[in-house]
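Enquirer: Work the whole structure out from these sequences, hints included.
First to last, the protein sequences are chains A and B.
Here the numbering used here = 1-based position in the first sequence + 1.
Here the numbering used here = 1-based position in the second sequence + 94.
Keep in mind the hints are simulated off the structure, nothing from the lab.
Where is the CB? At the ideal position from N, CA and C, for every residue including glycine.
A portion of the hints provided could be inaccurate.
Stated by the list, open to error - Part of the chain A face toward chain B, derived, beta carbon under 10 Å:
hint, residue
1, Pro10
2, Val27
3, Arg28
4, Asp33
5, Phe44
Unchecked claim - Here are a few chain B residues that face chain A, going by a calculated C-beta distance under 10 Å:
hint, residue
6, Arg238
7, Phe322
8, Gly328
9, Lys343
10, Trp346
11, Arg347
Claimed, not checked - Cβ pair distances, simulated, as ranges:
hint, chain 1, residue 1, chain 2, residue 2, range
12, B, Ser878, A, Gly17, 15 to 25 Å
13, B, Ser864, A, Gly17, 33 to 43 Å
14, A, Gly17, B, Arg795, 50 to 60 Å
15, B, Glu319, A, Gly17, 57 to 67 Å
16, A, Gly30, B, Thr251, 27 to 37 Å
17, B, Asn796, A, Ala22, 54 to 64 Å
18, A, Met2, B, Gln560, 51 to 61 Å
19, B, Pro227, A, Gly17, 38 to 48 Å
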Amino acid sequence: MEVIYIVLPLALIIVGAAVAAYVWSVRDGQLDDLESPPVRMLFDDEVSRRTPRSPSVNPDR
Amino acid sequence: MASSVFPYQPVARRQAEEQAETLCLHCGTPVPRGLVNNGAPARFCCSACETVYGILREGGLERYYDLVRESGGACPVSPRSQGRGYEDFDDPGFIERYVRASKTGAPQVRLYLENIHCAACLWLLERIRRVEPGILSIRVDLPRSMAEVTWDDRRVTLSAIARLLDKIGYAPHPWRGENAQELRRQEDRAILVRMGVSGAIAANVMLTSIALYSGLFGAMDAEMESFFRWTSLGLIIPAMIWGGDVFFKSAWRSIVHRAPNLDVPIVLGIAAGMIGGTVNVVRGAGEIYFDSLAMLIFLLLGGRWLQRRGMHRAADAAELVMALTPSRARLVEGEGVRDVPVETLKVSDLIEVRAGETIPADGLVTRGESDINLAWLTGESRPSPVTAGTAVHAGAVNLTAPIRVRVSATGEQTRIGRLMDLMRAAAENRAPIVRLADRFTAHFLAGVTGLAALTLAIWWGGGPEQAIEHAVALLIVGCPCVLGLATPLAFAAAIGCAARKGVLIKGGDAIERLAGARHLWLDKTGTLTEGRMRLVSWTGDEALKPLFGSLERHSSHPIADAAAELPGGAAVESFSCTVGGGVSGVVNGVRIDAGSLKWVLERAALDGDDLIARARERQANGETVVAIAAGGRLAALAGFRDPIRADAKETVDGLRRMGFTVGILSGDDPLTVRAAARELGVPGELARGGVTPEGKLELIRNEMKEHPVVMVGDGVNDAAALSAASAGVAVHGGAEAGLAAANIYLNRPGVAPVLELARGARRTMRVVRSSLLFALFYNLFSISLAVAGLVHPLTAAIIMPLSSLTVVVNSTRARSF
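Expert: Here's what the structure looks like:
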C-alpha cells in the first residue's frame, strides 16, 4: 500500500489543476450568464439544416 | 338532465367562439373584426405586426413562432415601435461613450432591449443577421435583457440596426450603469470561485475520510492513518480560509451589531471542529470531523450564492431605468435645431419635441398644439391636449404634432427624476425583514451552548479529554446548517418555478413579505385595465360606423387607433385634423366631422337634445365620447374607454377569498375609478382616484406603519409606491421604471398572475416552515445523541448530509408555483 504515498499527492495535484481551470473559467466570465447558453445550445443544430437554402453564404457563422 | 349529459358544453362553446375569432398571425391577440371583413389576405391586428411578420418571413425566421408556442412564453408582444429614427446612435459622442472595438476590431455596443423575455427571443435576435447581413453577431444575455451587437460599420449604421430592432418590438437603449454592474459581476464571480473551491475540497476530504473510516474495520498502520489525517488537515485549511471566511466575517459583524444571526452558531460549530480536529491531528489521537466541516462550508456557500444571485438580478433590473430616459434632445438655436445629449440641456433652453417622441425635460410649451400621453407618469388614461403655456413633464410622450418647450428643469430636478429619487430612497428604507430562520437564532445559540456546557459537565468525570471530545461533537452536529439552507433553497426553487410561469421574483424577501401581507392596492390604468382605449358603445346611426372607421384610419391619435377596430375600406378625401378638436373628411361622398362634442357642435347642426343627454350619460360612466356629424348634422356618438381586463374580476374575487383587503389606487379621474370599482365589486371607500404619484407613496407609507401592504402597478406613477410597499408587483407591459421599482414582475399579460403569485408565496412559506421544522427536529435528535456521547465522526458524516439532502428534496420537490 506504500503506493498511496505517491498516488494521493498525485491525485491532489490533478484536483488542483481542475480547480485552477475552474477558477480561470469563472474569472473569464464563462459562468456569468447561466441562462442563455443552455437555451442557445438547443438551437445549434439547425444551422446545418437551413444552409441548403443559400449554399454560398452560411447565415450563422 | 341535459347539463349532466354534456357537462363540458359551455366550455366547448366558448372554445368554438374563440376559434371563430381571428388571431393575429404575429402576436396572437384577437384581430379587430373590422380588419377581417376588410378582406385582407394576411390576418394581423395592426400594421406593425404585419411588418414584423414580413421581415421575419423574408429572413426565413418563421420558426420563431413555433419556438414561442413550444416555450409557452408571453412573446411576441405586439410591437409598440417608438417610431424613432435613432440618428443619435450614429453621433460621435454616442459612439465614444458606448461603442468599443471587439476582438476583431469591428465596433461593438451593449444595448438594453425591451421585451426580451424568452428563449424564442434569444433565437430570433441571434439570427437577425439573416435580415441585416451588416450585423456580424448578436449575443443575448437573457437575465439582463442585454444584447451585445457587433456590426460592420462599412455596410450598415448602428441607427439602422436600432431601427430594425425597434421595428420588431425590441426597442434598444444604450446600456448605462456599467460600473455598478461590473462590481456586482465581480462579486458574483468571487462567490462562485469560493463555492467551487470549497466543493472540490469537500469531495476530496470526504475521500480521505472514507479511507480513514474503512481503517476502522480493518488494520491500517498508524503511519498511514496519520498520513491521511495530515492530508485532510492540509486540505481543509484552504477551504476554511478561502470559503469559511464569509461566515466568520458575517458572524463577527452581527455580534458587533448585537444582533447575532444564524452564522454565529454555524461559526461556533466550524471553529470548534476545526480547533479540536487540528489539536487531535497534531497529537495523533482523538476524532476529526473535517469531512463534515468541508461539506458544511460547501453547502452553506451554495445557499449563499443562490441568495446573492437573486439580489444581484434585482439590482441589474434597477439599472434599466437609467437606460430608458431619452438620451438626446433637439435644441433650438436661432433658426436651426441641433441634436444634443440630454445631459447638456440647461434651464431656459428651447427644445423641440416631435410627434412620437418622449419629452426629455420639464418645461412650458411655447409653440405648437398637440396631445400628450401622460399614462405612465400620472395614470391618466386619456391623452391631454397641450398648447402654448401648458406645463409638460419629462417622460410624457408627445402624440400628434411637434411642440417647442422652454426647459424649466432637467435631469434629476425633473418630476420624473424626483420620482426616481423617491423610489430609490423608498427602496433603501424598506425595513429588512427578520427572516423566519433568524428568529430561531438567539434561542438556538443559547440552547446549543447550554447543552455543550452540560455535556462537558456530565462527561467531566470520565476525564477532561473525553468530555471535550463530546462537547466538540455536539457543537458540530448541532450546527444549524440545515436551518440556514432551508430558506434560500425553498426560495430559489420557488423563484425558478415562478419564472417558468412568467412571474419574475427578485429575491426571497419578496415572497416572505407577500405571504405575510393581507392588504393589497391595485393601480387601475394599465393594471386592472388594458391601458389602451377601445370602442365600448355606439349611439345613433349604425350605418356611419364604416365611414367613421375609414376616416379615423388617417389619424394617429390613440382614439383613432381604437376606432380602427371598426370596419373601414371607404374612400376618404380632403382629410383634415384639428389638434385638440377632431378630424374631418369626405367619406364616400359624405362629409364627416368627428371629434369632441364641443368641436363638432361648432360645425354641425343638432336634431333635438337627445344625443347631448346621452353623451353626458356616457361621460358620467367614465367614457370618452366622440361625436360624429354626417353631412353637417350630429348623427352618432362613439364611446371609448380603457376597458377592465377580462381576468380582473376573477383575480380580485380570488384575492378577497384569500383574505386580502383589495383597494384601487389610481391617478385617473375619480369618476372613472369609481366606475371601475363598481364593476369589480370593490367598495367605494377603497377606490381612490386622482391620486398623484407622490400621494400614492404617502398612502402606502402611512399604511405600512400599521401592516404590510402589497402594491400592484405598472407605470412610473406607481414606481415610488411599488418600491415603498412590502411587496411591489409590476404587471406586464408597463413602464420599465415600474419593473425596476417592483420586486416582482409579471411577464405575462393580465392580472391573473397576481393571484397565482399570492397563492404561490403562501405555499412557499409553508414549504419553508416544514423544512425549518424538520431542521429543528434533526438538530434536537443529533444534539441529544451528542449529549449521550454517541456521536462518532462517521455518524456525523452520514446524518449531516442526509439531513441536508432531505431539506433539498423537500424544497425543490414542492410545487409552490
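Enquirer: Against this structure, judge whether each hint is valid.
Expert: Okay, the hints, checked on the actual structure:
1. Pro10: holds, 8 Å
2. Val27: holds, 5 Å
3. Arg28: With Cβ-Cβ at 6 Å, under 10 Å, it holds.
4. Asp33: Where the cut-off is 10 Å and the nearest Cβ of chain B is about 6 Å from Asp33 of chain A, the hint holds.
5. Phe44: OK, holds: Phe44 of chain A within 10 Å of chain B, min 5 Å.
6. Arg238: With a closest approach of 7 Å, the Arg238 of chain B hint holds.
7. Phe322: OK, holds: Phe322 of chain B within 10 Å of chain A, min 8 Å.
8. Gly328: Holds, about 9 Å.
9. Lys343: violated, 21 Å
10. Trp346: Since the shortest Cβ distance to chain A is 26 Å, the answer is violated.
11. Arg347: For Arg347 of chain B, the interface hint is violated, since the closest Cβ of chain A sits about 26 Å away, which is over 10 Å.
12. B:Ser878 / A:Gly17: 15 to 25 Å: Check failed, 41 Å falls outside 15 to 25 Å.
13. B:Ser864 / A:Gly17: 33 to 43 Å: holds, 41 Å
14. A:Gly17 / B:Arg795: 50 to 60 Å: Taking Cβ atoms as reference, Gly17 of chain A and Arg795 of chain B lie about 55 Å apart, which means the hint holds.
15. B:Glu319 / A:Gly17: 57 to 67 Å: For Glu319 of chain B and Gly17 of chain A the Cβ distance comes to about 24 Å; the hint is violated.
16. A:Gly30 / B:Thr251: 27 to 37 Å: At roughly 29 Å between Cβ atoms, Thr251 of chain B and Gly30 of chain A fall inside 27 to 37 Å, so the hint holds.
17. B:Asn796 / A:Ala22: 54 to 64 Å: holds, 56 Å
18. A:Met2 / B:Gln560: 51 to 61 Å: Violated - the Cβ-Cβ distance for Met2 of chain A and Gln560 of chain B, about 31 Å, lies outside 51 to 61 Å.
19. B:Pro227 / A:Gly17: 38 to 48 Å: Once the Cβ atoms are compared, 47 Å apart, the range 38 to 48 Å for Gly17 of chain A and Pro227 of chain B holds.
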